[in-house]
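Enquirer: Chains as they are written, first to last, in my numbering: chain R, 42 to 274; chain W, 46 to 153.
Rather than coming from a laboratory, the hints here were simulated on the basis of the structure.
Hints may be right or wrong, so weigh each one.
Unchecked claim - Which bits of chain R does chain W cover? Going by a derived footprint, with three or more residues having C-beta under 8 Å, they are: (1) 61-72; (2) 103-117; (3) 161-171; (4) 181-193; (5) 205-216; (6) 251-264.
Even for Gly, the Cβ is constructed at its ideal location relative to N, Cα and C.
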Amino acid sequence: MTLSPLNTLVLRTSLPVMFGYLPLGAAFGVLFSELDYHWLYATAMGLFIYAGAGQFLAVGLLANQATLTEMAVATLLINSRHIFYGLSLISRMPNRGWRRLYQIFGLTDETYSLITATSLPADIDRGQFQLRITAVNQVYWIIGCTLGAWLGSQLEFDTAGIAFVLPALFMVLTIEQYKHLRDMRPFVAALLIGFGTLLLISREQMLLIAILLSLSVLMMQYAARRTHKGPEA
Amino acid sequence: MNEFWYLSSVIALLAGVTFLTRALPFMVLGRVADHPLLEHLGRFLPPIVMVLLVIYSFKNDVAFSVDFLPELGCLLLVTALHLAFRQALISIVGGTAMYMLLVQMGVG
Chain R
42 MTLSPLNTLV LRTSLPVMFG YLPLGAAFGV LFSELDYHWL YATAMGLFIY AGAGQFLAVG
102 LLANQATLTE MAVATLLINS RHIFYGLSLI SRMPNRGWRR LYQIFGLTDE TYSLITATSL
162 PADIDRGQFQ LRITAVNQVY WIIGCTLGAW LGSQLEFDTA GIAFVLPALF MVLTIEQYKH
222 LRDMRPFVAA LLIGFGTLLL ISREQMLLIA ILLSLSVLMM QYAARRTHKG PEA
Chain W
46 MNEFWYLSSV IALLAGVTFL TRALPFMVLG RVADHPLLEH LGRFLPPIVM VLLVIYSFKN
106 DVAFSVDFLP ELGCLLLVTA LHLAFRQALI SIVGGTAMYM LLVQMGVG
């Protein structure tokens, strides 16, 4: 069987994502299997939700028996970064109709970076390339989620402590945010607000309250900056 | 509510919200996306949310006592690994493996 130049390019380009998504998806799956639900639900999450940090967060929320409102708000906020960097793709996406919808659905951090960072040979159709990259990346992710959940529920190995992947992932994302922003203030503010809420206001509702407090602070800061027209705050 | 309907509604809800965050810029087509308030929030909200999520992960463990040292130590390991190699997988797997080791030896 010979692969077309397009498929060869898609597989070669997506190889690093495969090495990332298979183990990370499997880590999600193992973590999910701790909840003692059927492994097919992990497959369904990879198929219908398809979000790394979002799915890890969902396991934590399910384990903590969060309400549907908390789940929706937390997911919205953890994914809110997509809102701000999806913009740069609008003019670079030639596909229309269901292909475009699927591409938007599958716009993960990794797919976004492959689509924006790869320069294509002249004989390769850009739309087809983007569509297939999106699809194979999701296939890697679904395989990872399924294998992890299936193995986690079949094998009896000691998984105590594996839930640490979640804070570890958030820690990594925090560092990436700092490298990008190079400004300590939001991090210090978040530490103060987070621990303040946890220790003084509420343990159970910490995430929601702390996020709302942060939003208020940011909006007041924005309003103050507008009124004073002061230096960049 | 049985398990199937509960998980199906959770999955449907999260799928909808996730799709919404990805589709939003395409729906508004950049008309309000360059509003300065949105830029301000888009710049500062994600780092705040990430830090809050780290803290939230330990909401039942956070205490000013030695009990929290393994968690803190492993978070520092994740940070050190990430600053050294900047490979998300190495940082996450390294920190988690160390934490699992500590927990299973009875330290955590």
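Enquirer: Decide, hint by hint, whether the structure agrees.
Expert: Each hint tested on the structure:
1. With 4 residues having a beta carbon nearer than 8 Å to a beta carbon of chain W, the region 61-72 of chain R meets the requirement of three or more and the stated coverage holds.
2. Coverage of the region 103-117 of chain R by chain W holds. Counting CB-CB distances below 8 Å, 6 residues qualify, and the rule asks for three or more.
3. With 0 residues having a Cβ less than 8 Å from any Cβ of chain W, the region 161-171 of chain R misses the three-residue criterion, and the hint is violated.
4. For the region 181-193 of chain R, the assignment as covered by chain W is violated, since 0 residues bring a beta-carbon within under 8 Å of that chain's beta-carbons and 3 are needed.
5. Requiring three or more residues with a Cβ within less than 8 Å of a Cβ of chain W, the coverage given for the region 205-216 of chain R holds, as 12 such residues are present.
6. With 8 residues carrying a beta carbon less than 8 Å from a beta carbon of chain W, the region 251-264 of chain R meets the three-residue requirement, and the given coverage holds.
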